[in-house]
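Colleague: Chains as they are written, first to last, in the working numbering: chain B, 1 to 374; chain L, 1 to 374; chain Y, 1 to 330; chain W, 1 to 330.
Take the hints with a grain of salt, since some may be wrong.
[As the list claims (entries may be wrong)] With a straight-line Cα cutoff of 30 Å, these simulated BS3-like cross-link-like pairs (lysine-lysine) come out:
{"no.": "1", "chain 1": "Y", "residue 1": "Lys202", "chain 2": "B", "residue 2": "Lys345"}
{"no.": "2", "chain 1": "Y", "residue 1": "Lys325", "chain 2": "Y", "residue 2": "Lys199"}
{"no.": "3", "chain 1": "W", "residue 1": "Lys255", "chain 2": "Y", "residue 2": "Lys325"}
{"no.": "4", "chain 1": "L", "residue 1": "Lys37", "chain 2": "L", "residue 2": "Lys57"}
{"no.": "5", "chain 1": "Y", "residue 1": "Lys38", "chain 2": "Y", "residue 2": "Lys50"}
{"no.": "6", "chain 1": "B", "residue 1": "Lys322", "chain 2": "B", "residue 2": "Lys311"}
{"no.": "7", "chain 1": "L", "residue 1": "Lys16", "chain 2": "B", "residue 2": "Lys248"}
{"no.": "8", "chain 1": "Y", "residue 1": "Lys18", "chain 2": "B", "residue 2": "Lys158"}
{"no.": "9", "chain 1": "Y", "residue 1": "Lys199", "chain 2": "Y", "residue 2": "Lys254"}
{"no.": "10", "chain 1": "B", "residue 1": "Lys307", "chain 2": "B", "residue 2": "Lys283"}
{"no.": "11", "chain 1": "B", "residue 1": "Lys238", "chain 2": "Y", "residue 2": "Lys325"}
{"no.": "12", "chain 1": "B", "residue 1": "Lys57", "chain 2": "W", "residue 2": "Lys41"}
{"no.": "13", "chain 1": "L", "residue 1": "Lys283", "chain 2": "L", "residue 2": "Lys37"}
{"no.": "14", "chain 1": "L", "residue 1": "Lys307", "chain 2": "L", "residue 2": "Lys37"}
{"no.": "15", "chain 1": "B", "residue 1": "Lys345", "chain 2": "B", "residue 2": "Lys54"}
{"no.": "16", "chain 1": "W", "residue 1": "Lys45", "chain 2": "L", "residue 2": "Lys158"}
{"no.": "17", "chain 1": "Y", "residue 1": "Lys38", "chain 2": "L", "residue 2": "Lys57"}
{"no.": "18", "chain 1": "L", "residue 1": "Lys292", "chain 2": "L", "residue 2": "Lys238"}
{"no.": "19", "chain 1": "Y", "residue 1": "Lys254", "chain 2": "W", "residue 2": "Lys199"}
{"no.": "20", "chain 1": "L", "residue 1": "Lys283", "chain 2": "L", "residue 2": "Lys29"}
{"no.": "21", "chain 1": "W", "residue 1": "Lys255", "chain 2": "B", "residue 2": "Lys54"}
{"no.": "22", "chain 1": "B", "residue 1": "Lys57", "chain 2": "B", "residue 2": "Lys345"}
{"no.": "23", "chain 1": "W", "residue 1": "Lys325", "chain 2": "L", "residue 2": "Lys345"}
{"no.": "24", "chain 1": "L", "residue 1": "Lys345", "chain 2": "W", "residue 2": "Lys202"}
[Said to hold, decoys possible] Across the chosen pairs, the derived CB separations fall in these ranges:
{"no.": "25", "chain 1": "L", "residue 1": "Gly247", "chain 2": "B", "residue 2": "Glu280", "range": "55 to 65 Å"}
{"no.": "26", "chain 1": "B", "residue 1": "Asp318", "chain 2": "W", "residue 2": "Asp221", "range": "39 to 49 Å"}
{"no.": "27", "chain 1": "L", "residue 1": "Glu242", "chain 2": "B", "residue 2": "Gly99", "range": "24 to 34 Å"}
{"no.": "28", "chain 1": "B", "residue 1": "Gly247", "chain 2": "Y", "residue 2": "Glu189", "range": "32 to 42 Å"}
{"no.": "29", "chain 1": "B", "residue 1": "Glu81", "chain 2": "Y", "residue 2": "Asp20", "range": "19 to 29 Å"}
{"no.": "30", "chain 1": "L", "residue 1": "Lys10", "chain 2": "W", "residue 2": "Glu189", "range": "51 to 61 Å"}
{"no.": "31", "chain 1": "W", "residue 1": "Gly48", "chain 2": "L", "residue 2": "Gly247", "range": "14 to 24 Å"}
{"no.": "32", "chain 1": "W", "residue 1": "Glu189", "chain 2": "L", "residue 2": "Asp4", "range": "53 to 63 Å"}
{"no.": "33", "chain 1": "W", "residue 1": "Thr2", "chain 2": "B", "residue 2": "His34", "range": "56 to 66 Å"}
Calculated directly from the structure, the hints in this document are not laboratory data. Quantities reported herein were computed from a predicted structural model and do not represent experimental measurements. We treat Cβ as the ideally placed atom computed from N, Cα and C, and that holds for glycine.
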Amino acid sequence: VSGDVSFTTKGYKLHKLDSGPSSEVTLNKTDAIHYYKQMQVIRRMESAAGNLYKEKKIRGFCHLYSGQEACAVGMHAAMTEGDQVITAYRCHGWTYLLGSTVTEVLAELTGRMSGNVHGKGGSMHMYTPVFYGGNGIVGAQQPLGAGIAFALKYRNQKNVCITLYGDGAANQGQLFEAANMAKLWDLPVLFVCENNGFGMGTAVERSSASTEYYTRGDYVPGIWVDGMDVLAVREATKWAKEYCNAGKGPLVLDMATYRYGGHSMSDPGTSYRTREEIQEVRKSRDPITGFKDRIITAGLATEEELKELDKEVRHIVDDALKVATTDEMLPVEALYTDIYHNTPKQMVRGATIDETIPQPYLNSQELLKAIGRA
Amino acid sequence: VSGDVSFTTKGYKLHKLDSGPSSEVTLNKTDAIHYYKQMQVIRRMESAAGNLYKEKKIRGFCHLYSGQEACAVGMHAAMTEGDQVITAYRCHGWTYLLGSTVTEVLAELTGRMSGNVHGKGGSMHMYTPVFYGGNGIVGAQQPLGAGIAFALKYRNQKNVCITLYGDGAANQGQLFEAANMAKLWDLPVLFVCENNGFGMGTAVERSSASTEYYTRGDYVPGIWVDGMDVLAVREATKWAKEYCNAGKGPLVLDMATYRYGGHSMSDPGTSYRTREEIQEVRKSRDPITGFKDRIITAGLATEEELKELDKEVRHIVDDALKVATTDEMLPVEALYTDIYHNTPKQMVRGATIDETIPQPYLNSQELLKAIGRA
Amino acid sequence: STLTVRDALNQALDEEIKRDERVFVLGEEVAQYDGAYKVTKGLWKKYGDKRIIDTPITEMGFAGIAVGAAMAGLRPVCEFMTFNFAMQAIDQIINSAAKTYYMSAGRVNVPIVFRGPNGAAAGVAAQHSQDYSAWYAHCPGLKVLTPYNAEDAKGLLKAAIRDDNPVVFLENEIMYGQPFPVSDEVLSEDFVLPIGKAKIEKSGDHITLVSYSKGVELSLDAANQLEAIGVQAEVINLRTLRPLDFETIRQSLKKTHHLITVETGWPFANVGAEVLAQVMESDCFDELDAPVFRVTGVDVPMPYAQPLEVAALPQARHIVNMAKKSLNIQ
Amino acid sequence: STLTVRDALNQALDEEIKRDERVFVLGEEVAQYDGAYKVTKGLWKKYGDKRIIDTPITEMGFAGIAVGAAMAGLRPVCEFMTFNFAMQAIDQIINSAAKTYYMSAGRVNVPIVFRGPNGAAAGVAAQHSQDYSAWYAHCPGLKVLTPYNAEDAKGLLKAAIRDDNPVVFLENEIMYGQPFPVSDEVLSEDFVLPIGKAKIEKSGDHITLVSYSKGVELSLDAANQLEAIGVQAEVINLRTLRPLDFETIRQSLKKTHHLITVETGWPFANVGAEVLAQVMESDCFDELDAPVFRVTGVDVPMPYAQPLEVAALPQARHIVNMAKKSLNIQ
Ligand SMILES: Cc1ncc(C[n+]2csc(CCOP(=O)(O)OP(=O)(O)O)c2C)c(N)n1
Ligand SMILES: Cc1ncc(C[n+]2csc(CCOP(=O)(O)OP(=O)(O)O)c2C)c(N)n1
Ligand SMILES: [Mg+2]
Ligand SMILES: [Mg+2]
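Bound conformation, chain B alone (with noise of 0.2 Å):
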């Protein structure tokens, strides 16, 4: 097949909305390939992670999007130049489409130099010109997100910003305080909720008054889409882009996907749920497997065609591994670096009054530099 195939995505559910996205979506060839990889690179990705973790060259957090890369894939096929993204911890799928490379997470989360913030940042701090990180606590990135639609909006700019959080971030205080100025001064903002079904242990019923969280932003008009196929998401996003930039202010997306692994690397995931229920989800609603067999029934690509992109992908993946575990970390200078932006040099109080010392560097890029790094 060489041009548009017609797809039929699961009905959205509207709230305060007339009209909604259509569920009838057109999807070529070069997309489809496009998508289908995107979509590997963050599974293969977070699978590395999970193993880097469990031989403990990660530290700390390491929150795995597997399961969910429908919607980031999905918004971001979405998304035109200048749109703005921010997110919660579980970012590592983000900081690759935004323009990050498998090697610049991967390396971020061992903590080397080719990291995404040369280790100083790790699993849930990274960043792009359009992505502002990687947010470590809880709700905090709801108004920031705002905040970003408000300056693009104060620049006139035809651009959202997609601000993610999770069905258990969907509760804090700070949500409901964004959303009103939201509607107040018509910010582009796309609120995603991005419901995988639980906040660590506890299951969105248990979390929410009411799950639906497409409704839950009252006068802000919400979409419910499935987040298990990147099509609904593409063309859910697509229309809410539209939405918002016609000046209508704020909107709710509301994307039902599903967390495989434990809430992060320590956390097992099955004391809350069954192992037979994720098995379930991988078998019926898994968002590449999915996508793969509707692209091949379709003509749009060949088991062949994905099996050489499956082993492109694991390249990638492999080649970025091998960075991320021989690469060296920051010397300890960096310690003292990225204190203040264009603020000369600062004394730093250290463990004791006596290795209190000048910055060496004052940024990282410049101690990168003079190490010939950058």
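Go by the hints and put chains L, Y and W with the ligands onto chain B.
Modeller: Just chains L, Y and W with the ligands, lined up with the frame of chain B:
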């Protein structure tokens, strides 16, 4: 008239409720006189407070309740033993209704020993055994009220906690957090929004993307009530109490009322609304004159009876004023009291190391006893 | 000419809003009401809805929005009606604003000013009277400014707005209405003070009084009283708490060998404690002819009644007493 | 027998829940998940939904609910998954819990415990690593407890729950799994430690190390190293930061004449600064044979990569170095 007289209140508006309070209410003479007197006491007490402020006998903030009397008096009329109340800083009327004397309120405002908390709290911080203040931080009382309701439920008490907040505070995130838990746990809390039209100088439309406050609890059902009609307020509160205590969880009550004065005494209150607007409300919606007309017309009271009552009220307030302006203030030792409950006396660091002293008295009660004032 | 602190702040805002179109002000009642304490008076009329923005009473939300806008390239001035209410938003100030530049290895900077009155006002009791100086100064990633007079207010606020980092700007409500004589330079729109530099408000050889914000006023009062008994006190106005200009303290101490710190906040782990500690840990220690003493607020929440409120706060006499003690004067 | 800090906390909770039906635990994942760090393990199974309550991720809300419940006569133990998240709720902790007894002239007391891990864990970066000891200790109205070992954890948590005032109880995640030898007395359900009393963990004549929480471990390490070079260090475990047991410090200093403070939090206006200040201001000052030095965390947000994280935190060698400096040992 000796028996009950029927009145019709303005219609209620309902949110997620199939039925609501009745618009047909009855009133007997005793209650009529009682409500009238309570409202008049509050009105006069607040006038007195306003004058004291102008005479610089009250310091800091002084938020008057004038115009909103029907809300407190109506809710109070529906309360039964064991019910609890918490509100924000606009608390003088409630303090009086819930067991404190006019003297204790006014003397607190002037910072005297006979004040509700002997001058330690001032205008915003007064308490009685069923009244948790008097809270100065906008929104903080919302989860506190839910917590008081939590305690009621914990002890299997068939009671509610009336949790009041303004239209401005209605946007605070912690309200939504508290409402979520209240609903999840079926807490017997009445979230009561006293919509007096403004949060300081900001009209409701500028602070709230939706001004339908009775719907803002989303999954928490709500009722709009004419907050200028003491009978409507009483009826709605009665109904709401029954609802809560049937184990159905929280409710939102949205009381439409008006604030005659400025936000606090230092705000002339005329830059963001016209004097005509205030006059119009006074003329057409005043909770006291409206009620007075109705009960006289219905034969529940005569003009003369009410005049007598007015005189009595004036005496009460005048007597209170005397104490409030002549009573002594706590001796300076009181600075060091009330730090910890049931804890041996502490050393308290003063302005200098040389003024560091052991607590002369553990708490104000002890001090008052020592100086023969308790 | 003279200028009140309020007008100095207003001028600084006015000039910086005019100078840089990325600068805007948001907060409760800052626009149509002219500010709860009238610091933003006239700005909304002059600059309109885009630049001067009234927010709902949702500190966590609007502080977060301000921080997000700063990350995205604007330069918000986020007014808290008082810093007591900023406690609702402090996670956004610390975790989102102060830490992001470091966490992002310098990728994302956050040029924002959080400002408003801090510490005790008059008769507003415990919940409205807290002094947050020590809390904010404790945290790396922030710059923390504490203006005392009109010159400070103008020069430091302009510096804060032009700074590329999160600045916590702690004003004092009681000082707003106070007029101070100022030079023409201060009135010029190019007047900017350096962040991180203390100012010697009065020089003297016998004892150093280190203070900030309203404490400077007390210190100058005390210095006058000391003068009467022949003691020349040097009064240092810290102006910036983070980064602290310890060098100025050091130089003064080398001259006077006696030191008192003065602030209105609570004593435990306060700014004075840090000054004492830095003196003790540094070579200054040998310069001391007497221990350093702190003059502070009393270690209790703020009571309402006036006599108690007065007793809860340090007075010039406390400084005089401690100075005498330090100098061994009866 | 030995007991981990985690089990000690668990025992304390278990015993106090059993002892007083007004006691209940609420927080994120405390019930069905057994606690994010398993401190509440088994309690939900044992006591059920009424006493052990999972909350949504809404710190301001559930902390406020807990405070309200305490005002109304219950005795909540409010777990924060870590104290970093308590910043969202800190207004409820300070303004609603800490100040109400004072504001109400003793009419309303607030018997509540806020507990959870505080300070740096391992590899969790800037937003998850802050140490709030100095902040909370700054505020009157609170009691602030900082257990180090299993004995502290058990005895102090029981004391906190029985106390009629708001208690901030700062644990350390890294210490949870650590086993400590404990006496039978500690294991008994009557074991309660006094609030406001420090403990001498090791006595010595040459120098005093004052510390709390994980800093005590570092101090004991350092004391061992010092022993090897003939220095007998006395190690004081503060246990309570507010009210501070300065008397124990004073007595030790009278003996040793040398003092080092040790903590993992940031330096500026930290607990060590307060100790230095109190020493300087008191009669202890004359007992000093050398200045007091602080060992602290480095004044930067916490980086992720391990070598940087290690460099950001104080080590035993820092204490040894400062002790040598104090004692003038090369
Ligand atoms: C304010 C705050 N409270 C608690 C935590 C600990 N925590 C981290 S993630 C998480 C669960 C969040 O669940 P959800 O919002 O559904 O996102 P998901 O992890 O499912 O993507 C919790 C409780 C935190 N980081 N911040
Ligand atoms: C968190 C917080 N922010 C701001 C304030 C200052 N403030 C006090 S009352 C008020 C307006 C509240 O309006 P509303 O909730 O409508 O109550 P009303 O005064 O009308 O009774 C504001 C902004 C405060 N006390 N607390
Ligand atoms: Mg989730
Ligand atoms: Mg109002």
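Colleague: Now look at each hint and say whether the structure bears it out.
Modeller: Status of each hint after checking the structure:
At most 30 Å may separate the alpha-carbon atoms for a hinted pair to count; Lys202 (chain Y) and Lys345 (chain B) meet this at roughly 29 Å. For the hint pairing Lys325 (chain Y) with Lys199 (chain Y), the CA-to-CA distance comes to about 25 Å; that is within 30 Å, so the pair holds. Between Lys255 (chain W) and Lys325 (chain Y) the alpha-carbon distance is near 26 Å, which keeps this suggested pair within the 30 Å criterion. Restraint check: the Cα-Cα separation between Lys37 (chain L) and Lys57 (chain L) comes to about 26 Å, which is no more than 30 Å; the hinted pair holds.
In summary, the hint linking Lys38 (chain Y) to Lys50 (chain Y) is supported, as the alpha carbons are separated by about 19 Å, within the 30 Å threshold. At roughly 16 Å between alpha-carbon atoms, Lys322 (chain B) and Lys311 (chain B) fall within 30 Å of each other, so this suggested pair holds. For the hint linking Lys16 (chain L) to Lys248 (chain B), the alpha-carbon distance of about 27 Å falls within 30 Å, and the restraint holds. Distance check on the hinted pair: Lys18 (chain Y) and Lys158 (chain B) sit about 25 Å apart at the alpha-carbon level, within 30 Å; holds.
Of the supplied pair hints, the one linking Lys199 (chain Y) and Lys254 (chain Y) holds, its CA atoms being roughly 16 Å apart against a limit of 30 Å. As the CA atoms of Lys307 (chain B) and Lys283 (chain B) are separated by approximately 19 Å, the hinted pair is consistent with the 30 Å bound. Proximity of Lys238 (chain B) to Lys325 (chain Y) is assessed by CA-CA distance (about 74 Å); at most 30 Å being required, the pair is judged violated. For the proposed pair Lys57 (chain B) and Lys41 (chain W), the alpha carbon gap of about 28 Å is at most 30 Å, so the pair holds.
Distance check on the hinted pair: Lys283 (chain L) and Lys37 (chain L) sit about 20 Å apart at the alpha-carbon level, within 30 Å; holds. This hinted pair checks out: Lys307 (chain L) and Lys37 (chain L) have alpha carbons roughly 11 Å apart, not beyond 30 Å. A hinted pair counts as satisfied when its Cα atoms are at most 30 Å apart, and Lys345 (chain B) with Lys54 (chain B) does not qualify at roughly 40 Å. With a CA separation close to 28 Å, the supplied pair Lys45 (chain W) and Lys158 (chain L) stays within the 30 Å bound.
Taken as a hint, the Lys38 (chain Y) and Lys57 (chain L) pair is honoured in the structure, with Cα atoms around 24 Å apart against an allowance of 30 Å. Note on Lys292 (chain L) and Lys238 (chain L): the hinted pairing holds, with a Cα-Cα distance of about 22 Å set against a maximum of 30 Å. Distance hint between Lys254 (chain Y) and Lys199 (chain W) is unfulfilled; the C-alpha atoms sit about 39 Å from each other, more than 30 Å. Annotation: proposed proximity of Lys283 (chain L) to Lys29 (chain L) holds, straight-line Cα distance about 25 Å (limit 30 Å).
Distance check on the hinted pair: Lys255 (chain W) and Lys54 (chain B) sit about 51 Å apart at the alpha-carbon level, beyond 30 Å; violated. Between Lys57 (chain B) and Lys345 (chain B), the direct Cα distance comes to roughly 33 Å. Violation of the 30 Å bound is thereby established for this hinted pair. In summary, the hint linking Lys325 (chain W) to Lys345 (chain L) is not supported, as the alpha carbons are separated by about 39 Å, beyond the 30 Å threshold. With a C-alpha separation of about 29 Å, the suggested pairing of Lys345 (chain L) with Lys202 (chain W) holds against the 30 Å cut-off.
In this structure the supplied range 55 to 65 Å is violated for Gly247 (chain L) paired with Glu280 (chain B), their Cβ-Cβ distance being about 35 Å. Range check, Asp318 (chain B) to Asp221 (chain W): Cβ separation about 42 Å, and the 39 to 49 Å hint holds. Range check, Glu242 (chain L) to Gly99 (chain B): about 59 Å between beta-carbon atoms, so the 24 to 34 Å window is missed. For Gly247 (chain B) and Glu189 (chain Y), the hinted distance range of 32 to 42 Å is satisfied, since their beta carbons lie about 36 Å from each other.
Between Glu81 (chain B) and Asp20 (chain Y) the C-beta distance comes to about 26 Å, which sits within the given range of 19 to 29 Å. Between Lys10 (chain L) and Glu189 (chain W) the Cβ separation comes to about 60 Å, which falls inside the hinted range of 51 to 61 Å. At roughly 18 Å, the beta-carbon separation of Gly48 (chain W) and Gly247 (chain L) lies within the given 14 to 24 Å, and the hint holds. Between Glu189 (chain W) and Asp4 (chain L) the Cβ separation comes to about 59 Å, which falls inside the hinted range of 53 to 63 Å.
The beta-carbon spacing between Thr2 (chain W) and His34 (chain B), approximately 58 Å, falls within the hinted interval of 56 to 66 Å.
In this structure, the hints that do not hold are numbers 11, 15, 19, 21, 22, 23, 25, 27, in rising order.
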